[in-house]
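Colleague: On the provided structure of chain W, position chain X as indicated by the hints.
Number of protein chains: 2
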Amino acid sequence: MSLDPLIIKIAKLQNPTVLGLDPKLEYVPEFIRRKAYDKHGFTLKGAAKAVLEYNKGLINALADTVPAIKPQSAYYELLGYHGVKVLARTIEYAHKAGMYVVLDGKRNDIGTTMEAYAAAYLGGVKVGDEFIQPFGCDAMTINGYLGADGIDPVLKECKQRGKGAFVLAKTSNPSSGELQDKTIDGLAVYERMVAMCEARGAEIGGEFGFGGLGAVVGATYPEQLAELRAKYKSVFFLVPGYGAQGGKASDVAKAFDENGLGAIVNSSRAIMTAYQKEKCDERDFAGAAKREAVKMRDAIMNEIGVIKIK
Amino acid sequence: MSLDPLIIKIAKLQNPTVLGLDPKLEYVPEFIRRKAYDKHGFTLKGAAKAVLEYNKGLINALADTVPAIKPQSAYYELLGYHGVKVLARTIEYAHKAGMYVVLDGKRNDIGTTMEAYAAAYLGGVKVGDEFIQPFGCDAMTINGYLGADGIDPVLKECKQRGKGAFVLAKTSNPSSGELQDKTIDGLAVYERMVAMCEARGAEIGGEFGFGGLGAVVGATYPEQLAELRAKYKSVFFLVPGYGAQGGKASDVAKAFDENGLGAIVNSSRAIMTAYQKEKCDERDFAGAAKREAVKMRDAIMNEIGVIKIK
Chain W
1 MSLDPLIIKI AKLQNPTVLG LDPKLEYVPE FIRRKAYDKH GFTLKGAAKA VLEYNKGLIN
61 ALADTVPAIK PQSAYYELLG YHGVKVLART IEYAHKAGMY VVLDGKRNDI GTTMEAYAAA
121 YLGGVKVGDE FIQPFGCDAM TINGYLGADG IDPVLKECKQ RGKGAFVLAK TSNPSSGELQ
181 DKTIDGLAVY ERMVAMCEAR GAEIGGEFGF GGLGAVVGAT YPEQLAELRA KYKSVFFLVP
241 GYGAQGGKAS DVAKAFDENG LGAIVNSSRA IMTAYQKEKC DERDFAGAAK REAVKMRDAI
301 MNEIGVIKIK
Chain X
1001 MSLDPLIIKI AKLQNPTVLG LDPKLEYVPE FIRRKAYDKH GFTLKGAAKA VLEYNKGLIN
1061 ALADTVPAIK PQSAYYELLG YHGVKVLART IEYAHKAGMY VVLDGKRNDI GTTMEAYAAA
1121 YLGGVKVGDE FIQPFGCDAM TINGYLGADG IDPVLKECKQ RGKGAFVLAK TSNPSSGELQ
1181 DKTIDGLAVY ERMVAMCEAR GAEIGGEFGF GGLGAVVGAT YPEQLAELRA KYKSVFFLVP
1241 GYGAQGGKAS DVAKAFDENG LGAIVNSSRA IMTAYQKEKC DERDFAGAAK REAVKMRDAI
1301 MNEIGVIKIK
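Chains W and X, in that order, are what the protein sequence lines are.
At position 146 of the first sequence (counting the first as 1) the number is 146 in the numbering used here, and the numbers step up by one without a gap.
Each position in the second sequence, counted from 1, maps to that position plus 1000 in the numbering used here.
Hint data in this document are derived by calculation from the structure and do not stem from the laboratory.
One thing to keep in mind: the hints can contain errors.
Straight-line Cα separation of at most 25 Å, DSS-like style, residue types lysine-lysine; simulated pairs [as the list claims (entries may be wrong)]: (1) W/Lys35 - X/Lys1126; (2) X/Lys1182 - W/Lys126; (3) X/Lys1056 - W/Lys126; (4) X/Lys1056 - W/Lys231.
If you're wondering where the values come from, they're calculated on a predicted model, not measured in any experiment.
With the rest of the complex left out, here is chain W (with noise of 0.2 Å):
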C-alpha cells in the first residue's frame, strides 16, 4: 500500500497537487461566517462551524480536480475542541467526496507516546469492546528531530493499515536552513532526513517505486528538489511552499521524475482566497478556488507532460 492509493488518485486526475485547507477565519467569506456567528454567536463553536462550512464548499468544488486534501491542524486547533470536531467532520467529508487525507501536524514523540499519535491519526484506540478510529487520516506529517524512536511507531501503524508518512526534510521557510542546513559527516541535515525517508520507507514499498515513508521539500529551494529527486528516487515529495511563499511551477517540476511522478504540491492560501483575489461575488469563493486549482494544475502539467503509472 504506502503511499500508492494517493498515488492512483494523482494519476486518474492527472494532477499532482494538494489542496491545502487552512482555515484562517479571515479567509472564511463574510456571508458564511454572518451566518454562523448569528446562530451561535462569537462562540468558538460559531467559528468552527463556519469553518466546516466553507471547508465543505471547497471539496464539492475541487473533488473532481484535485486528489487530495491537507489540512493544517494547527487552524482547527486554534478553535478549541469544536475546531477538531470539525477537523475530524472535514476529514470524513473529503473521504466520502473520494479525496485522499493528509493531516499536517508534524507530530513528533517517542515511543508509546508517538503510537498514540499515529493511532490518532493513521489508526484507532480500543475502547472497551470497541475499536474506534478518531480521525482516519490516510496519511500525516511528521517532525523527525527525535530519531528512529518517533519514526518506528508511525511505520509500524503504516504498515498495518496502509497509510502513509512525510517527514520534514527541507521546509519552505526562509529559516530553515539553520538547522537542516548544516552538514553532517558530509551530508546536509535535510538530506539525511531523506535518506533515511528511503531507506525505512523501502519497509512499506510500493507497486509504483515509492516508499510510505515521504519527505516534506518545500518549492522554495528547488535546487535542492532536484538534487534530491535525483539521487533518492523512491521517495515520495510533499512539496509545500507554491504560489503565495514563492515557488513557481518551473520550481516544482523538478520534484518529479520522468514518469511525471515523486511529488504533490500544495497550494493554501492561493486556492483557498482566490475570491478576494479575484474580487468576485464571495458566494462564488467555490468557484474562484476551482478555477486557481485548474490554473495551478494546467501549469505544473504543462511542464511535467503526463503522469504515467505502470
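Modeller: Same frame as chain W, now just chain X:
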C-alpha cells in the same frame, strides 16, 4: 514574566517536579472506566469522561504538593475531539487548583501557522467581537527543527502574555542521538538548541535569572545535563525520563544550580499508575499517586537541598 510564575510555585512548594498527565486508557482505574462506559457506552466520549475523572482525582490529590502538570497532548488527541475537550477541562481544573500548566505537544511550524499554535495554547483567537482563549496554558513544548520561523511566533505570544516555552534539545529516548548528538561547527545539535534558548530566551528575561525559553533535556543523559547546566546558566530545563525511563534523583540533580533552581523534573507513569505498583485498592489511586509524588519530591530535594529565590 517568562517562566517566573513556574519558578515561584516551585519555590513555594519546595518541589521541582511536574506531574505528567499522559492518560493512557489502561492507566485509568477500572471502576472509573466502568462508570463512564455504563453511562456513555464504549465511545470516545465515554473514554474521555473517564480520563477527566481520573485527571481530576490526581489533581485534587497533588495540587498542594506538586506545582505543575504537563498534559501530553497525544493521549487526548487519541480520543478525538472528546479527548481535546477533556484536555481543555483538565487545564481549567488544574488552574483552579493553583497549578501551572505546560502543554506537551512539541508543536512546530512556520509563520502564521506557528502563530496559530501559539495563539491556540498560550493566547487566544478573535471571533467576531470576542477574544477567546481555547486552552490558556502557561507554557508549551515546541520543536526547533524549522529554525527561527518556528520560534519567533511563540516568543511573541510569550512576551505579550507572560507565558513560557520549552524547546526540544536532548530528548530522553535511546535514539535521540541520531541527530541531536551530531556535531556541527564544533557544537552538538542539542547544544545549539540550548544556546538558541539562551540567546532568544533573554528577550523575555525573568527576575530569577532565567529566560522565557526553556529547553527539554532528558534525565537519561546526566552528563549532558551537567555540562549544559554549567554552561547555560540562564536556561531553565524541563527534564523528562525520570523513573520509568531510568533517570534517577542523582541524575536529575545535575540539572539544578547552587540555589536549587534551573529545572523541573517530569514523572508520568510512575505517579499515575502508583496504585498498580502498590497493588492497593484502585479506589485509592490518588492516594497512591500522592505517596509516589512525595517520594519523588523527597528523593530530588534530598539531592539538591533547599530551593532559594531572592
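Colleague: Give a verdict on every hint.
Modeller: Okay, the hints, checked on the actual structure:
1. W/Lys35 - X/Lys1126: holds (17 Å)
2. X/Lys1182 - W/Lys126: With a Cα-Cα distance of about 39 Å, the restraint between X/Lys1182 and W/Lys126 is violated, given a limit of 25 Å.
3. X/Lys1056 - W/Lys126: Satisfied, since the Cα-Cα distance of roughly 23 Å is no more than 25 Å.
4. X/Lys1056 - W/Lys231: Cα-Cα ~53 Å, so violated.
In terms of the numbered hints stated before, the structure departs from hints 2 and 4, listed from lowest to highest.
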